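*Asks:* Each chain, written out:
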Amino acid sequence: GEDVEQSLFLSVREGDSSVINCTYTDSSSTYLYWYKQEPGAGLQLLTYIFSNMDMKQDQRLTVLLNKKDKHLSLRIADTQTGDSAIYFCAESLYSGNTPLVFGKGTRLSVIA
Amino acid sequence: EAGVAQSPRYKIIEKRQSVAFWCNPISGHATLYWYQQILGQGPKLLIQFQNNGVVDDSQLPKDRFSAERLKGVDSTLKIQPAKLEDSAVYLCASSLEFEGVAFFGQGTRLTVV
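Residue numbers (the numbering used here), protein chains in the order written: chain A, 1 to 112; chain B, 113 to 225.
Next comes chain B alone, as it looks inside the complex:
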């Protein structure tokens, strides 16, 4: 069974530029999460989807971050414009059921300079 796929693995951008990350969850997983992991900390939830609907985006900085999950499968997370403090690893995870076991992708390491 293929795992959660994310791309790109690494991205370096200048502040005020835009960036987008892509996630393909495990086939059949209805719930998809985006987490932000700043160096030295545990992951923190940005947004949770159930199929193509948003369940929780209370921690998403909506002035610069946006996410969508078209057709309830793949998802993209966008940052526009990026700030230095957005440097982090962005992790995508999926689970089969609502609050089921979550499986994580390899993450995208973003560096904003």
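This is chain A alone, in the form it adopts within the complex:
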């Protein structure tokens, strides 16, 4: 079955690194995504990784994928107050007709 789990809250100091973790259950997942949602806004795609990759880096963002443990993480370097938001992990299954399955989101609070 499909299930995506995330911790609900994370608090970090400005300038520190943030690490948001996610676990998923379906080994058929081919794409894994991180979306950011600011208050009152829609979902902004941050980055995604194909299941045949272990790591992807994009400026301050680093995504790590451990397929054996079905664990995905998002590291934000030099976290800023503007990074405060809810971060959603999502998986997409290559089964021909299954769209994104989201976790409940991790609320990141950045303390100045």
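Please note that the accuracy of each hint is not assured.
[Said to hold, decoys possible] Straight-line C-alpha distance at most 16 angstroms; calculated EDC-like pairs for lysine to aspartate or glutamate:
1) A:K68 - A:D54
2) B:K156 - A:E5
3) B:K183 - B:D198
4) B:K156 - A:D3
5) A:K67 - A:E5
6) A:K70 - A:D3
Read the hints as simulated data drawn from the structure, not as lab findings. This one's a predicted model, so the numbers in the text were calculated from it and none came from an experiment.
Chain B: place on chain A using the hints.
*Replies:* Quick look at chain B alone, frame taken from chain A:
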């Protein structure tokens, strides 16, 4: 490139009333999704279109919800009659290919009182 457009941004209705939401996907995107996001939760799929055909509507409460995508471009989602538990943000998303990267609109926040 213009993003996914949704309207209205906010809507307040009384229970048992009807409401409709509109979505215009990114130009050329064949796949369109409607998600429901209840406060404190992640988005959950309501319906997925590929061009103007329905791919997945298994999570759509068909006794009160309906959706259409005429001509494979714009889409409307309707609720009739609304219940209190329908209060949520309704998000539209589109992707270029089947199971490609999905881009989301700003959402419509519905409050049923």
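*Asks:* Next step is simple, just say for each hint if it's right about the structure.
*Replies:* How the hints compare with the structure:
1. Of the pairs offered as hints, the one joining A:K68 and A:D54 holds, with about 11 angstroms between alpha carbons and a cut-off of 16 angstroms not exceeded.
2. For the hint pairing B:K156 with A:E5, the CA-to-CA distance comes to about 14 angstroms; that is within 16 angstroms, so the pair holds.
3. Straight-line distance between C-alpha atoms of B:K183 and B:D198 comes to about 28 angstroms, which puts the hinted pair past the 16 angstroms bound.
4. The suggested pairing of B:K156 with A:D3 holds, with an alpha-carbon distance near 12 angstroms, which does not exceed 16 angstroms.
5. The suggested pairing of A:K67 with A:E5 holds, with an alpha-carbon distance near 15 angstroms, which does not exceed 16 angstroms.
6. Taking the CA atoms of A:K70 and A:D3, the gap is near 11 angstroms; set against the 16 angstroms cutoff, the hint holds.
In the structure shown, a violation is registered for the earlier hint numbered 3 alone.
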